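Colleague: Sequence:
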Amino acid sequence: EALAEQQRIELQGLLEERGHAIVGWYISDPERSGIEIDRLSLNGCRSIARQIGADLSDVIEERHRRWPNVMRWEATCYVLWTRPSVLTREDRKQVAEERRTLASQFPRVGNTQRFALRSDIMAARHESFISRVQAALQGFDISCEFLGPHQALQVAREATYRETAGSA
Numbered sequence: 001e002a003l004a005e006q007q008r009i010e011l012q013g014l015l016e017e018r019g020h021a022i023v024g025w026y027i028s029d030p031e032r033s034g035i036e037i038d039r040l041s042l043n044g045c046r047s048i049a050r051q052i053g054a055d056l057s058d059v060i061e062e063r064h065r066r067w068p069n070v071m072r073w074e075a076t077c078y079v080l081w082t083r084p085s086v087l088t089r090e091d092r093k094q095v096a097e098e099r100r101t102l103a104s105q106f107p108r109v110g111n112t113q114r115f116a117l118r119s120d121i122m123a124a125r126h127e128s129f130i131s132r133v134q135a136a137l138q139g140f141d142i143s144c145e146f147l148g149p150h151q152a153l154q155v156a157r158e159a160t161y162r163e164t165a166g167s168a
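Residues in the sequence shown are numbered consecutively from 1, following the UniProt record's numbering.
Keep in mind that the hints were calculated from the coordinates and are not lab data. As the structure is a prediction and not an experimental result, all values here were calculated from the model. The beta carbon of each residue, even a glycine, is placed where N, CA and C say it ideally should be. Treat the hints with caution; some may be incorrect.
Claimed, not checked - If you anchor each label on the Cβ, the simulated ranges turn out as follows: (1) E31 with E1: 34 to 42 Å; (2) R83 with A54: 25 to 33 Å; (3) I130 with E62: 52 to 60 Å; (4) I52 with Q7: 41 to 49 Å; (5) T164 with L40: 14 to 22 Å; (6) R65 with S143: 22 to 30 Å; (7) Q105 with R65: 31 to 39 Å; (8) T164 with Q113: 39 to 47 Å; (9) I130 with R65: 38 to 46 Å; (10) T101 with I52: 17 to 25 Å.
Take these sequences, add in the hints, and give me the full structure.
Modeller: Below, the structure is given as structure tokens:
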């Protein structure tokens with residue numbers, strides 16, 4: 001509990017400025033342990049055994065049967081958001097100009113994906129926020145892996161719809 005409280009205080013300090021948000025959830029899933037044990041350990045063992053010509057299938061299969069009964073898969077996921085309110089007045093002017101320039105290069109696309117809303121300034125602010133969160137977590141010896149948009153959506157889908165876990 002002390003570590004969780006320290007982490008809360010540290011991350012809260014990162015949210016004192018306007019424009020950033022963190023959404024998080026914790027997952028503990030004993031049913032997924034078999035999938036993760038295979039992915040993180042046993043698939044590599046199978047590959048090495050195959051490469052050196054060793055028949056370790058009985059040992060590996062025993063571990064495949066037994067380990068999921070005593071292990072569980074756990075993860076904590078944070079989604080980091082950076083909103084336009086993080087920008088200064090001058091930044092907002094630059095972003096507006098950047099967007100106008102980008103939008104003028106393409107035909108009108110209506111309500112489809114509005115890729116012209118992308119901003120290098122916003123991306124830089126978000127990358128800075130990510131780095132600060134990563135440093136805060138590493139300060140507590142918490143390993144973290146940052147996921148790209150596709151991986152993050154897959155994790156969110158699997159957390160919501162447990163039957164899809166490990167399907168992609």
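Colleague: None of the hints should be skipped; say for each whether it holds.
Modeller: Verification of the hints:
Between E31 and E1 the beta carbons are some 27 Å apart, a value that contradicts the proposed interval 34 to 42 Å. Separation of R83 from A54 is about 55 Å and departs from the stated range, judged on CB atoms against 25 to 33 Å. Checked against the given bound of 52 to 60 Å, the beta carbons of I130 and E62, roughly 41 Å apart, lie outside it. In this structure the hint that I52 and Q7 lie 41 to 49 Å apart at CB holds, the actual value being about 43 Å.
For the hinted restraint 14 to 22 Å between T164 and L40, the CB-CB distance of approximately 19 Å keeps it satisfied. About 28 Å separates the C-beta atoms of R65 and S143, a value consistent with the hinted range of 22 to 30 Å. The beta-carbon spacing between Q105 and R65, approximately 58 Å, falls outside the hinted interval of 31 to 39 Å. Against the hinted window of 39 to 47 Å, the Cβ-Cβ separation of T164 and Q113 comes to about 24 Å, which falls outside the hint.
A hinted range of 38 to 46 Å for the beta carbons of I130 and R65 is consistent with their spacing of about 40 Å. The given range of 17 to 25 Å is broken by T101 and I52, whose C-beta atoms sit roughly 58 Å from each other.
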